[in-house]
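Chemist: If you want the building blocks of each chain, they are given just below.
There are 2 protein chains.
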Amino acid sequence: MTTDSKARCLLVGGGGVGTMAAYNLEAGGKATVTAVLRSNFTAVERDGFNIDSIDHGKIEGWRPTEIRTTIPDIKTDKDSNNKPYDFIIVTTKNTPDIPPSLPSLLAPAVTPGHTSIMLLQNGLNIEKPFFAAFPDHPILSGVSLIGATETSPGKVLHDDRDRMIVGAFPRATSSPDPSPKDHTSASHFVDIYSASGKVVCNLTTNVGLVRWRKLVYNASYNSICAITGLDTTRMRFAGEPLRQLIRPAMWEIIATARAAGYPLPEEEELVEMMVDVDPWTFFKPSMLQDVEKNNFTEFENIVGEPVREAQRLGVPTPTLQVIYALLQTMQWKTKESRGLFTVPSERPVGFVLSK
Amino acid sequence: MTTDSKARCLLVGGGGVGTMAAYNLEAGGKATVTAVLRSNFTAVERDGFNIDSIDHGKIEGWRPTEIRTTIPDIKTDKDSNNKPYDFIIVTTKNTPDIPPSLPSLLAPAVTPGHTSIMLLQNGLNIEKPFFAAFPDHPILSGVSLIGATETSPGKVLHDDRDRMIVGAFPRATSSPDPSPKDHTSASHFVDIYSASGKVVCNLTTNVGLVRWRKLVYNASYNSICAITGLDTTRMRFAGEPLRQLIRPAMWEIIATARAAGYPLPEEEELVEMMVDVDPWTFFKPSMLQDVEKNNFTEFENIVGEPVREAQRLGVPTPTLQVIYALLQTMQWKTKESRGLFTVPSERPVGFVLSK
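Chains Y and R, in that order, are what the protein sequence lines are.
For the first sequence, my numbering begins at 18 and goes up steadily by one.
For the second sequence, my numbering begins at 18 and goes up steadily by one.
If you are wondering where the hints come from, they were derived from the structure by calculation, not from laboratory data.
There's no promise every hint is true.
No distinction is drawn between identical chains; accordingly, a pair holds when it is met within one copy or between any pair of copies.
Claimed, not checked - When the alpha-carbon atoms are kept at most 27 angstroms apart in a straight line, the in silico DSSO-like pairs for lysine-lysine are as follows: (1) Lys372 with Lys301; (2) Lys23 with Lys92; (3) Lys75 with Lys47; (4) Lys352 with Lys301; (5) Lys352 with Lys92; (6) Lys23 with Lys47; (7) Lys198 with Lys23; (8) Lys92 with Lys215; (9) Lys172 with Lys47; (10) Lys372 with Lys352; (11) Lys47 with Lys310; (12) Lys350 with Lys372.
Bear in mind the structure is a predicted one, so any value in this text is a computation, not a measurement.
Given only the sequences and the hints, what does the whole structure look like? Please build it.
Modeler: Right, here's the structure in full:
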């Protein structure tokens, strides 16, 4: 396969997950990757990536086809000879409450009528702003179980295998099915991603089901670990949080998924599997890691959207509603600490309490 | 009034609030105070207390009648010639989930049939273990609005006026009224505490009402600030937490109080007053201060007991239940970090998940 026939991919959002996706795509020989790097650009330009991967082994000094520091404007980009990207793969965190919006950032790199956008991200309803911004484009879902961390700039430890489920987001809320054209794009992505032979990448026609299923873990463990500071081993050893917080949150997700038309098979078994899914390795889910680093959390798509779906459908979610409000309050504090606004030292004249 | 006719008081639990209570009692001339000091004993023995008080002015080198490092055993204590204490005043934090229990600690200093125990502490049902341990003794309630902090060992900044409401806890759950003998003891305490003429100290016959009213603030602001890390100024400036967390929690307390036979007058006005009761001084309520210092929090009496009352009475408290479970989880983590137990690094053989 020549370079010209390879799928051109733009990776936005590096980190462990993005790097391993880029490596796996190029290793398969059916794709070239342009990676937009920020904090690690200098290190990677000088030394390449150094990867220790459970799927691919030890790789030193690896560089994707192209690295750059900004999202290209496809209309004016000379390096690419204005060749369109077939896929934009997004592995950034999803924080729609923090401007600028992802679609506005990606827009210059999207070739009208051509580019598919693959969201390799957590949460519910993440496709909505993309369908609004790019109505003619396939928006693809990637749900990954990979464990990969960038331990220092350009150094990646990949210690839990890459198992990805890919599908096209449906356009109509009335049906879980994707459009045939979008599904073809998802199938193409599975083909280029599976080509390495080193990872498990499956195609689904029901992205919603896959995402609601993942939410059973994320809306409970990920959120509640972030608030309380406990890892998932301690949650289980403490025991009481499972009874009072984790299981109730999981059941609220399951009830909402059912009402939304995504009944999860074997609910009871699913809950008990998810409660004990992590190894006894004191794993800190991503939102807890974010809180500890004073980073923004993905609480809007992980808890906010499920809560809004539940309200729309009349499903009670007493646990998740409080969890959501607490995470929103914590995000507010992070915004302040990062200078997005300041709190006046004196009570503002005419200050009216929010009702 | 001679020393002999003065009320003999034993203060357990120093800090800003305890020190100001001790000073005010001795300033009034109707009481002598034996203070049990721990971390500040050496500093106070050498230099006395240095106090900057909004009620009493600047006082340097003040010492109570007696200071000591342990709770005396009244049967064997030679310093006191075995003279009984009229009042034991408890200003420690109330953490019934952390052994040893307060009644077991105080028992040696209690003279049967004589000593009254004044609990100058937060929360609901704090008298229950004391009535169980000392059934013949008046158990008194002190609810204080004082702002006083020990800024370094022996140095106290008292910057918000001491306004205390005192009453005897009722013995029967069927009536809010105290027994006449217990009420007489409460009245005696008000007399000796008011004698300085510098503080406001009122007597109540309805301790329950006073405590439920204080819970409107403590179960909401105190708890939710502890979880989210926001002070009460930021809570108001953020606005949204008032709507989603603070007011709902306040209304759950009010509904539970009503069902428990303590209807709070003018509920709507009370909530709006409590929401905005703090000055714009970025005040961190006590539980947030405790969390920041990795101290245990008083969550059992501030949230746990109201939630249990609500469950007993069939009052829904969806917000407080989640808040309670989160604070319980955070306390578990504090217990671990203080060495009360260890979490095994390997999954224990035969480990069964809590249901």
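Chemist: Are the hints correct? Go through all of them and say.
Modeler: Each hint tested on the structure:
no., hint, result
1, Lys372 with Lys301, "between (36 angstroms within a copy, 22 angstroms between copies)"
2, Lys23 with Lys92, "within (20 angstroms within a copy, 91 angstroms between copies)"
3, Lys75 with Lys47, "within (21 angstroms within a copy, 80 angstroms between copies)"
4, Lys352 with Lys301, "both (22 angstroms within a copy, 19 angstroms between copies)"
5, Lys352 with Lys92, "neither (35 angstroms within a copy, 60 angstroms between copies)"
6, Lys23 with Lys47, "within (5 angstroms within a copy, 93 angstroms between copies)"
7, Lys198 with Lys23, "within (20 angstroms within a copy, 92 angstroms between copies)"
8, Lys92 with Lys215, "neither (35 angstroms within a copy, 78 angstroms between copies)"
9, Lys172 with Lys47, "within (24 angstroms within a copy, 72 angstroms between copies)"
10, Lys372 with Lys352, "within (22 angstroms within a copy, 37 angstroms between copies)"
11, Lys47 with Lys310, "neither (37 angstroms within a copy, 55 angstroms between copies)"
12, Lys350 with Lys372, "within (20 angstroms within a copy, 34 angstroms between copies)"
When each numbered hint is compared with the structure, violations occur for hints 5, 8, 11.
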